[in-house]
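Asker: For the record, the sequence lines run as chains L and F. The opening position of the first sequence corresponds to residue 1 in the working numbering, with each subsequent residue numbered one higher. The opening position of the second sequence corresponds to residue 1001 in the working numbering, with each subsequent residue numbered one higher.
Calculated from the structure, these hints are not laboratory results. One should not assume that every hint holds.
Straight line, CA to CA, 30 angstroms or less: simulated DSSO-like cross-link-like pairs of lysine-lysine [what the hints assert, rightly or not]:
{"no.": "1", "chain 1": "F", "residue 1": "K1033", "chain 2": "L", "residue 2": "K175"}
{"no.": "2", "chain 1": "L", "residue 1": "K207", "chain 2": "F", "residue 2": "K1150"}
{"no.": "3", "chain 1": "L", "residue 1": "K175", "chain 2": "L", "residue 2": "K124"}
{"no.": "4", "chain 1": "L", "residue 1": "K292", "chain 2": "F", "residue 2": "K1033"}
{"no.": "5", "chain 1": "L", "residue 1": "K94", "chain 2": "L", "residue 2": "K124"}
In this text, all values refer to a predicted model and were calculated from it rather than measured experimentally.
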Amino acid sequence: MHRNLGTEFIHVMQKRTVVKILLIFTFVFNTSNLFAKEPDNGEDGGKVNTKSEIDAYIEHHLQDTHDFTLWSDGETGSHVGFPLPVILWDNGLKVFSSSKFHHGETIAEVDGNYYRLYHGKIYKTDAEGTITYDEDQHPTNPKPLDFSITKNVVTMIFVGILMFLLFGGLARSYKKGALPTGFGRVLEPLVIYVRDEIAIPNIGREKHRKFMGFLLTVFFFIWILNLLGMTPLGVNVTGNIAVTVCLALFTYFITQFSANREYWKHIFWMPGVPVIMKIVLMPIEILGTLTKPFALLIRLFANITAGHVVIMSLIALIFMADNLYVMTPISLLLTIFISVIELLVAFLQAFIFTMLSALFIGLAVQDHEHH
Amino acid sequence: MDKLINDFSFGLFFWQALILLVLLFLLRKYAWKPILDSLNNREEGIKNALESAEEAKKEMQSLQADNERILNEARAERDGMLKEARQLKETMITDAKAEAQAEADKIVAQAQATIASEKKAAITELKSQVAELSVEIAEKVVRKELANKKEQLELVDAMLGDVTLN
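Generate coordinates for the entire structure from the input sequences, incorporating the hints supplied.
Answerer: Spelled out as structure tokens, the structure:
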């Protein structure tokens, strides 16, 4: 029964094609402009054309935000986008729209509590929104637990739905015939690629099947998010440390929970070495299990963040330039060049993450005949 | 590092974990499993088809070899049969000839035996006739003796001379 409902759901969803879904999203983006335009009485007119401003802008872009801003006009101070729900846990659940913050300019008042958005973080303040700082210029105001549906969460949900539609459609197309039709023809080789080039060589033909779900999901999830990061939507999900930590933790737990006896034996009591070495190796090996996923999360985070920084810096060259006619083509050429590389990096990082996950899993489940 | 830890948003982490878990569960059930199963089935099917094609090819080859062998055998058998028939024919002719000869010999022998027995019977009959004749002559002689003894003797002599010719 449950299964029928599920397939029925796919069936209904499939009728609206993916393209239509995308159109709906664009529609939502555009209509939301109507209510999202808010005058911004910024201090300096909001123009971004000095070095420090550009740095701040880039940093701001790299961060997660509580509203989906597509672009903002510095001079009139209006932001184009739509607000997102803010969910706070502060002695009870507080849910309100991020439009209450007016992009950080006003203080949101909910149930007698005052919250202020400061550098992308929500702090609990008094009615005036005063923020106290410690000696390192870090705010000392209490931070409520923030479970807001931020821009990154929205993007991830979107990618989730997109993946469900794409691959649910591919799965359904097999019911009609042995060969997929339409977009499935593009997706099928990718699925086969992940299976034949990533899973089977690292985990082995007998054991790979169990981990295919995770590997495929992670591969396409990261790849699509990376690609979305290259669109002017301005999302930077895989360049967010929380996201990569989460992904790496999944790999870590899957590796540890599927590990066999030999794996643990190699960690806690390395065979074939003297007893003293066994004792020395034990903490190193235990640390090793942690450094592996740590390398994963840092690699993905750093690569994507670096890509975004480079592209944005190159675009920013235009605004820094004294001579627009000279600088614009140079900047555009460089940006296009780096974008092409980033397109490759987007795939490469998804591949490397999946590949290394498969490798770690493979190390944990393989049978050691000898050492 | 400090900045990274500061940037870490627990809320985002929570949502990411939740989304990933839900996505893993849903995709596993409604996408990856059917996709991978169909891929496996298809590959298995292709493999099987190729194998059976190879098998069929081999079978065809063996069948052809068999045919050739059977044909050769049949040809050899035919040759053998022809040879045998020829031999049979020759032996039959020879036998027939021998038999015919034997039969002919037999017939000839029989004929000769018959002729001999007929001849014997004829001689016997002749002898009995001669005896009768002799008796008749003797009778006549006896009768004539009464008239002329001399002539009777002459008659007997003459008659005897006639008889011994046979």
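Asker: Of the hints stated earlier, which fail here?
Answerer: 2 and 3
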